[in-house]
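Once you have looked at the hints, place chain B on chain A.
Quick mapping for you: the protein sequence lines, in order, are chains A and B. Heads up: the first sequence is residues 15 to 448, going by our numbering. Heads up: the second sequence is residues 15 to 448, going by our numbering.
Take the hints with a grain of salt, since some may be wrong.
Because identical chains cannot be distinguished in the list, a pair is counted as satisfied if it fits within a single copy or across any two copies.
[Claimed, not checked] Okay, derived cross-link-like pairs now, DSSO-like style, lysine-lysine, Cα gap no bigger than 27 Å in a straight line:
hint: 1; residue 1: K103; residue 2: K440
hint: 2; residue 1: K288; residue 2: K440
hint: 3; residue 1: K318; residue 2: K258
hint: 4; residue 1: K445; residue 2: K258
hint: 5; residue 1: K58; residue 2: K440
hint: 6; residue 1: K90; residue 2: K440
hint: 7; residue 1: K288; residue 2: K58
hint: 8; residue 1: K440; residue 2: K300
hint: 9; residue 1: K318; residue 2: K300
hint: 10; residue 1: K258; residue 2: K440
hint: 11; residue 1: K110; residue 2: K445
hint: 12; residue 1: K318; residue 2: K288
hint: 13; residue 1: K110; residue 2: K300
hint: 14; residue 1: K103; residue 2: K445
hint: 15; residue 1: K90; residue 2: K258
hint: 16; residue 1: K90; residue 2: K103
hint: 17; residue 1: K318; residue 2: K110
hint: 18; residue 1: K300; residue 2: K258
hint: 19; residue 1: K300; residue 2: K288
hint: 20; residue 1: K288; residue 2: K258
hint: 21; residue 1: K82; residue 2: K445
Don't read these hints as lab results, they were simulated from the structure.
There are 2 protein chains.
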Amino acid sequence: MFGMTIIDRARTARDAGRLILSRGPESRSAALRAVRTALEDRSKEIFGANRIDMERSAAEGLAAPMLKRLKFDETKLARVNEGIAALEKSRDPMGKVLERRELDDSLILSRVAGPIGVIGMIFESRPDALVQIATLCLRSGNAVILKGGSEALETNRVLSRIIAEASSDESLPEGGQPRGWIQLAETREDVREMLVLDQFIDLLIPRGSNEFVARIMRDSSIPVLGHADGICHVYLDAAADPAKAIPIVLDSKMQYVAVCNTAETLLVHQDAAKTLLPPIRDALVKAGCELRGDDRTRAIIEVKEALEEDWATEYLDAILSIKVVSSLDEAVNHIHTYGSGHTEAIVTEDERAAEEFLARIDAADVFHNCSTRFADGFVFGLGAEVGISTSKIHARGPVGVEGLLSYKWQLRGSGQIISDYNEGLKTFTHKELD
Amino acid sequence: MFGMTIIDRARTARDAGRLILSRGPESRSAALRAVRTALEDRSKEIFGANRIDMERSAAEGLAAPMLKRLKFDETKLARVNEGIAALEKSRDPMGKVLERRELDDSLILSRVAGPIGVIGMIFESRPDALVQIATLCLRSGNAVILKGGSEALETNRVLSRIIAEASSDESLPEGGQPRGWIQLAETREDVREMLVLDQFIDLLIPRGSNEFVARIMRDSSIPVLGHADGICHVYLDAAADPAKAIPIVLDSKMQYVAVCNTAETLLVHQDAAKTLLPPIRDALVKAGCELRGDDRTRAIIEVKEALEEDWATEYLDAILSIKVVSSLDEAVNHIHTYGSGHTEAIVTEDERAAEEFLARIDAADVFHNCSTRFADGFVFGLGAEVGISTSKIHARGPVGVEGLLSYKWQLRGSGQIISDYNEGLKTFTHKELD
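Okay, chain A solo, but in the shape it has when bound (with noise of 0.2 Å):
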């Protein structure tokens, strides 16, 4: 597997796939189980080899956060053979009929959910996102290409080998998997040929800093699951109740910094601020944030001058910027300018004015009433997390398995010709079937 070009890998992808599409839903259900099986019996081994990743990438003085990131230990394992028994569980998505119609008598057309085919999944250190994504791909049929960080090599090459043999496994019902539907990249020339495979993988799963996802946005010409910028907003209406702005607030932007759903920038409505920014600013500041104003919130209370950059960054840390704005129409522009249309909330009691903005802003998410910190797969029902997408394409907003599908058209007929129709010796009777 290791000594092919990534294109021959890639095509033996493609190719086992379209296997897939043969087997029932028993040989996938019991290739998961396998696979978590094979995981926990094989789990020294695992060790092992994230333990020589550890001392090399150490040793080469990787950050002490991407080492703990690289790490994957019991804890770790726990926690992906625990997502891999809530797929084992999960309805089996392939051949769910989407749609059926009669288009006439015995010509009955159904679209049909099937898999996408091939995914090209490029991530940075964390190894227990390839586990993840790899069964999730096994649950929905899809073969994937997975491109890991340098960093985990040695665990990333065990991984994907434990979960080829195990879901291959001819004891499993039709002999498991075909062997080939997970393939390894390793190298960065990898990744530059992946980038321009489309007519092998259809879908790119990229997942790591902004500037990463951004390059592959930029460089490929294989569609894109996924967001770059999280720049994110809560606006306090004029009519924001102050006992639900404060605690919104303070958990949109503090609860966990470091991630894509966190609001970087508040709005006020100017008729709100004077009441509500000096309890707001003293929570924040407690809760050790930073704050930056423009000269209506400086003019309320005290905080360092916001720049026209800030409006425009995602701080991914203990920094807000704050806002004062004249009306709800000034809010909706702002965000419009500065968001990065992935997820924006409004706190306020006025329904018209909630379903206003929950109406005109252009964003994967719109909330009332509530943290920013909501928009999850996991939160919002969709089981396993795909990833997020500020794309309007495929799939928006937060992705569960149902972003790795795709759909054909089956039409079951008894020898219809389509002259018939045009001659007018037959007409279509378009009935909409359950």
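Chain B only, in chain A's frame:
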């Protein structure tokens, strides 16, 4: 409007598109009606501009079939206006709730349909395509940037001006649509710039020759809805009923040879070849079709030799390549090797073979016992057809107005913060709602 750079036009379109979100469905229905009336009232202006295009193009030696496509007369006007009338009556797709889930008490998640944003439409000479796509965008709340063929420049200018003026009429409900939702691009340089404007344009729809579409797909960083090749197959299984097989092959190949859903290759199971090939040859030759076969075919009927390149060619002409295969497996492999993922049909009375074919073939449309020519948005009952996609992302196969739609997640709370859930003070209920 015509002095603006393409970036200015794209930005204007995006901002206008966002304004559409704040106007009601009556506004869009009234705008469609106003456009239809204006096209009738100002038909002389349109026909006059079209005459200029026709005369210039004829003088420049444009081929007769292209001139026919360029012509915009009473017949074409009547046809596009029929389309607009149907759109007026169709349901406004915006704001439709696609799913609803209770995350917790008073914390309700809804997934709501909305426009994609800005559609870039790049098409060759037919000016009626401009009206069709612009009004589809109007119905679905999208802004649009249109680039037509230079042969149709005068006609396209007049058509887009009429649509822009009529739809933005201030006497319409809510003042009509925001000015600027429809923009025209005119030069090749404009197109080159459009292809990389991924921050303003969300989806490209190219219509034209295979080479044209393939070039757009290759050169653009924006997702593309469409298809380049249409290499479709009919597979006659061992258990094919001759009474169905012969008309289906004739219809799939000869009913209209110049379109993408026409069959280019016939695959015949070896056990049926001796019975089926002679009458099929007779019927096709009588209809004026040239046949090219592999050795096993030529052992049964007298036809030209098919070369390797025949299997990979979309003739778009009265030519059919024929191959005898030993099994359904060989048919599937041939289709996966040479097909373009568009439309594939099996003719058989063996239900198991049919279901295996429908499940295994990786194509947008998979048909049993009917002609490949049924692959069409109108036939499928989708209403107006935006295009046929061979991508597996976003939309696949014939695409109706829903291909111009995205969605957003609305979350309506009552002050909830994530830390209460993380600390175990509250738990998610995740209850599906109607």
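So, going through the hints one by one against the coordinates:
1. K103 / K440: Between. Shortest inter-copy distance 25 Å satisfies the 27 Å Cα cut-off; intra-copy 47 Å does not.
2. K288 / K440: neither (72 Å within a copy, 32 Å between copies)
3. K318 / K258: within (25 Å within a copy, 79 Å between copies)
4. K445 / K258: between (49 Å within a copy, 24 Å between copies)
5. K58 / K440: neither (68 Å within a copy, 38 Å between copies)
6. K90 / K440: between (62 Å within a copy, 25 Å between copies)
7. K288 / K58: For K288 and K58, the Cα distance exceeds 27 Å both inside one copy (60 Å) and across copies (61 Å).
8. K440 / K300: Only across copies: K440 and K300 sit 25 Å apart there, 76 Å inside one copy, limit 27 Å.
9. K318 / K300: within (16 Å within a copy, 85 Å between copies)
10. K258 / K440: Only across copies: K258 and K440 sit 16 Å apart there, 63 Å inside one copy, limit 27 Å.
11. K110 / K445: both (20 Å within a copy, 21 Å between copies)
12. K318 / K288: Close inside one copy (17 Å), not across copies (87 Å); limit 27 Å.
13. K110 / K300: neither (52 Å within a copy, 43 Å between copies)
14. K103 / K445: Between copies, since 18 Å is at most 27 Å while 35 Å is not.
15. K90 / K258: The answer is neither: 36 Å in one copy and 59 Å across copies each exceed 27 Å.
16. K90 / K103: within (20 Å within a copy, 56 Å between copies)
17. K318 / K110: Intra 56 Å, inter 44 Å, cutoff 27 Å: neither.
18. K300 / K258: Classified as within; 18 Å inside a copy, 79 Å across copies.
19. K300 / K288: Answer is within: at 19 Å inside a copy they meet the 27 Å cutoff, but 87 Å across does not.
20. K288 / K258: Classified as within: same-chain Cα gap 16 Å, cross-chain 79 Å, threshold 27 Å.
21. K82 / K445: neither (57 Å within a copy, 36 Å between copies)
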